[in-house]
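Residue strings, one per chain:
2 protein chains.
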Amino acid sequence: MKPNDLHTPVNWTLARRAERMNPSVIREILKVTERPGIISFAGGLPSPATFPVEAMREACERVLRDDGPAALQYAASEGYGPLREWVAASLPWPVDPAQVLITTGSQQGLDLVAKVLIDAGSRLLVETPTYLGALQAFTPMEPRIEGVASDAGGVDVAALQRQLGAGDAPPRFLYVLPNFQNPTGRSMDLARRQALVAEASRAGLPLVEDNPYGDLWFHQAPPSPLTALNPEGGVYLGSFSKILAPGLRLGFIVAPRAVYPKLLQAKQAADLHSPSFNQRMVAEVLKDGFLDRHVPTIRALYKRQCEVMLGCLEREMAGLDVQWNRPDGGMFLWVRLPAGVSAIELLPKAVDRGVAFVPGSAFFAGEPDERTMRLSFVTASAEQIQTGIAALAAAIREQVQGA
Amino acid sequence: MKPNDLHTPVNWTLARRAERMNPSVIREILKVTERPGIISFAGGLPSPATFPVEAMREACERVLRDDGPAALQYAASEGYGPLREWVAASLPWPVDPAQVLITTGSQQGLDLVAKVLIDAGSRLLVETPTYLGALQAFTPMEPRIEGVASDAGGVDVAALQRQLGAGDAPPRFLYVLPNFQNPTGRSMDLARRQALVAEASRAGLPLVEDNPYGDLWFHQAPPSPLTALNPEGGVYLGSFSKILAPGLRLGFIVAPRAVYPKLLQAKQAADLHSPSFNQRMVAEVLKDGFLDRHVPTIRALYKRQCEVMLGCLEREMAGLDVQWNRPDGGMFLWVRLPAGVSAIELLPKAVDRGVAFVPGSAFFAGEPDERTMRLSFVTASAEQIQTGIAALAAAIREQVQGA
Numbered sequence: 001m002k003p004n005d006l007h008t009p010v011n012w013t014l015a016r017r018a019e020r021m022n023p024s025v026i027r028e029i030l031k032v033t034e035r036p037g038i039i040s041f042a043g044g045l046p047s048p049a050t051f052p053v054e055a056m057r058e059a060c061e062r063v064l065r066d067d068g069p070a071a072l073q074y075a076a077s078e079g080y081g082p083l084r085e086w087v088a089a090s091l092p093w094p095v096d097p098a099q100v101l102i103t104t105g106s107q108q109g110l111d112l113v114a115k116v117l118i119d120a121g122s123r124l125l126v127e128t129p130t131y132l133g134a135l136q137a138f139t140p141m142e143p144r145i146e147g148v149a150s151d152a153g154g155v156d157v158a159a160l161q162r163q164l165g166a167g168d169a170p171p172r173f174l175y176v177l178p179n180f181q182n183p184t185g186r187s188m189d190l191a192r193r194q195a196l197v198a199e200a201s202r203a204g205l206p207l208v209e210d211n212p213y214g215d216l217w218f219h220q221a222p223p224s225p226l227t228a229l230n231p232e233g234g235v236y237l238g239s240f241s242k243i244l245a246p247g248l249r250l251g252f253i254v255a256p257r258a259v260y261p262k263l264l265q266a267k268q269a270a271d272l273h274s275p276s277f278n279q280r281m282v283a284e285v286l287k288d289g290f291l292d293r294h295v296p297t298i299r300a301l302y303k304r305q306c307e308v309m310l311g312c313l314e315r316e317m318a319g320l321d322v323q324w325n326r327p328d329g330g331m332f333l334w335v336r337l338p339a340g341v342s343a344i345e346l347l348p349k350a351v352d353r354g355v356a357f358v359p360g361s362a363f364f365a366g367e368p369d370e371r372t373m374r375l376s377f378v379t380a381s382a383e384q385i386q387t388g389i390a391a392l393a394a395a396i397r398e399q400v401q402g403a
Numbered sequence: 001m002k003p004n005d006l007h008t009p010v011n012w013t014l015a016r017r018a019e020r021m022n023p024s025v026i027r028e029i030l031k032v033t034e035r036p037g038i039i040s041f042a043g044g045l046p047s048p049a050t051f052p053v054e055a056m057r058e059a060c061e062r063v064l065r066d067d068g069p070a071a072l073q074y075a076a077s078e079g080y081g082p083l084r085e086w087v088a089a090s091l092p093w094p095v096d097p098a099q100v101l102i103t104t105g106s107q108q109g110l111d112l113v114a115k116v117l118i119d120a121g122s123r124l125l126v127e128t129p130t131y132l133g134a135l136q137a138f139t140p141m142e143p144r145i146e147g148v149a150s151d152a153g154g155v156d157v158a159a160l161q162r163q164l165g166a167g168d169a170p171p172r173f174l175y176v177l178p179n180f181q182n183p184t185g186r187s188m189d190l191a192r193r194q195a196l197v198a199e200a201s202r203a204g205l206p207l208v209e210d211n212p213y214g215d216l217w218f219h220q221a222p223p224s225p226l227t228a229l230n231p232e233g234g235v236y237l238g239s240f241s242k243i244l245a246p247g248l249r250l251g252f253i254v255a256p257r258a259v260y261p262k263l264l265q266a267k268q269a270a271d272l273h274s275p276s277f278n279q280r281m282v283a284e285v286l287k288d289g290f291l292d293r294h295v296p297t298i299r300a301l302y303k304r305q306c307e308v309m310l311g312c313l314e315r316e317m318a319g320l321d322v323q324w325n326r327p328d329g330g331m332f333l334w335v336r337l338p339a340g341v342s343a344i345e346l347l348p349k350a351v352d353r354g355v356a357f358v359p360g361s362a363f364f365a366g367e368p369d370e371r372t373m374r375l376s377f378v379t380a381s382a383e384q385i386q387t388g389i390a391a392l393a394a395a396i397r398e399q400v401q402g403a
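Line by line, the protein sequences give chains A and B. If you read the first sequence in the working numbering, its first letter stands for residue 1, the second for the next number, and so on. If you read the second sequence in the working numbering, its first letter stands for residue 1, the second for the next number, and so on.
Hints listed in this document are in silico derivations from the structure and should not be mistaken for laboratory results. A couple of the hints might just be wrong.
Straight-line C-alpha distance at most 20 Å; calculated SDA-like pairs for lysine to any residue [unchecked claim]:
#1 Lys31/B with Pro97/A
#2 Lys31/A with Gln73/B
#3 Lys287/A with Gly81/A
Turn these sequences into a full structure, and let the hints guide you.
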């Protein structure tokens with residue numbers, strides 16, 4: 001028998017969870033938007049103008065010169081000590097570096113949480129709507145995911161209380177994104193946060209708090225993280241993707257002692273550790289208060305882009321029954337189309353006119369609101385935003401007239 | 001309520017799979033061996049002398065200068081096109097780059113395979129002994145793992161055939177490491193590979209072939225990969241950790257069309273994509289046949305270190321009933337202690353004498369052979385190997401006399 005003598009298909013039996021995995025809607029849409037000339041409000045790509053390329057270049061140089069062999073070697077699953085210390089010190093409540101686990105992007109944090117906290121059939125609560133990537137990370141562990149009623153200010157705490165009283169088992173956790181939420185851009189004010197934490201504590205419900213956008217505020221820093229209000233009550237996820245660069249794939253989990261050891265073991269089994277080189281490079285970039293100088297430039301850019309998009313919406317959507325919110329930070333805003341117009345049906349018409357977005361239905365655990373869509377204001381330029389919103393309005397107008 | 005008003009523990013209910021996760025024995029041992037002065041044959045750390053620091057530095061410089069924003073942005077889950085093309089072209093059978101999925105180290109490949117192919121209660125076959133990290137990656141998906149009888153030449157194919165005939169369900173796959181296996185250092189010859197692939201094809205049994213060490217041969221390149229003998233019959237995992245550097249966390253999966261889309265979806269949910277910066281850096285380093293010049297230097301170093309260790313074993317173990325093999329490549333050799341001596345009991349005595357190893361029991365899916373141990377010959381220097389093997393022999397001698 002020589003190589004390739006055999007071409008015998010074998011009996012692949014896929015795991016039951018594989019049946020539940022589906023191609024990401026966003027992913028498929030992004031493929032369309034890669035067509036030249038399409039203005040995309042679809043992806044959640046930070047503006048590359050904000051990437052500190054020169055600071056990275058200098059950090060690479062220093063890390064490889066001073067610490068090359070260690071930066072290229074296997075390392076501890078917990079993460080690089082100085083980076084864990086930086087994370088602990090950067091958070092607005094007392095955090096021991098021993099509680100910090102460096103992850104391969106905060107997406108991996110969601111995967112580890114799912115592995116450690118979800119059994120097949122477990123109840124799980126999420127906001128309505130919620131981050132699609134979280135649904136994708138949780139789904140393979142086969143939970144029953146329930147959306148909690150939410151309004152423009154986030155989770156409806158009274159509805160949560162009723163939902164906790166019903167159901168056949170306590171939910172394993174509530175996944176919540178309090179700052180400039182993906183997909184809606186909405187935030188929870190301090191009163192809502194306090195009410196939510198009080199209810200979660202009363203019910204013994206763990207919170208999984210995801211905060212990739214908290215630093216991207218336009219006017220003032222957001223209120224206290226939920227985890228700061230009750231550090232034993234939840235797991236906190238953070239990311240370097242939006243304040244430095246996503247291509248490094250670095251995020252972190254802060255976890256109480258009740259779950260940290262299991263998250264660490266899941267991390268070790270998942271990829272041994274996050275790249276030691278990247279961790280040292282980021283630790284080097286972060287020294288000497290770099291973010292204090294860098295992040296304000298991102299905030300200013302995104303605030304400007306958001307204002308441009310809001311202005312264009314005012315102008316172009318005039319006379320159409322289209323609604324949208326005014327986020328106080330982050331990367332996204334949330335649009336509701338006129339009655340009878342489905343965002344999914346609108347999308348191909350919009351793409352024909354050269355503009356793309358993500359239909360909101362992708363972000364609902366339960367019954368979707370098909371009139372919703374997510375618009376990112378950070379990737380396209382101000383000029384593209386003007387052209388794109390005008391094209392979007394034309395596509396909506398056509399749908400309304402056709403309806 | 002101010003921050004930290006509440007310190008209320010909530011009701012963490014861990015997933016059933018979390019109960020099965022245990023701290024890695026190797027990990028705990030590595031902590032001991034970090035004590036200054038301990039000579040460690042325990043870890044599987046490549047020699048840092050083999051890391052091409054200067055080539056990496058130049059590649060970082062070029063990537064950030066010519067392609068900075070793209071290298072730091074989100075990217076496709078499949079991986080960076082030129083790197084996928086390089087991988088496909090480097091393999092000794094026809095591989096379409098579309099079959100290549102870049103992973104965050106080959107450990108992540110094992111995690112993705114587990115998610116896509118294992119249900120709770122699934123039968124799974126592994127070699128005896130097998131790679132501990134694979135057991136850790138598979139275990140969270142709650143399979144029933146069975147060891148297949150193996151000898152110095154790898155999987156015993158007749159035993160495999162009997163095992164396939166027995167059992168209550170067809171196994172989901174056989175996990176096999178044909179080249180310089182971790183932990184034993186053993187390899188399968190061509191005849192054994194052909195017999196194994198023929199039996200797997202006959203039975204319709206998928207193979208998961210792991211090949212992190214194949215390039216580290218001492219005398220001649222190993223025979224054809226199993227996957228080359230039947231490309232539709234399995235999934236192949238590779239790594240850049242042993243030929244470039246582990247701290248970059250880059251590996252790959254080559255998968256047939258029957259499973260690639262699900263592995264890709266699992267990858268997307270796990271960490272979106274492997275670091276785009278690292279992928280571009282490695283693609284840049286690999287250009288112009290770098291490995292053709294670099295890998296022979298690793299082979300020569302490890303061959304020399306292996307010979308030193310074999311020479312020391314001959315000399316120091318004289319008169320003791322200790323057996324060991326002579327690997328043709330890789331990083332490890334496998335030792336069997338005299339009757340009545342347990343490697344687990346030996347370890348603390350050896351550490352007292354300043355030398356560490358990994359007891360073989362950690363690597364068995366079923367009943368362990370407690371007389372076995374794994375020795376790495378690549379991390380310690382030639383001088384340390386001499387001191388360490390002498391100390392190990394003294395510890396064994398003491399145990400034998402005490403027995």
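* Please name the hints from earlier in the document that this structure breaks, with their numbers sorted from lowest to highest. => No hint contradicted; all consistent.
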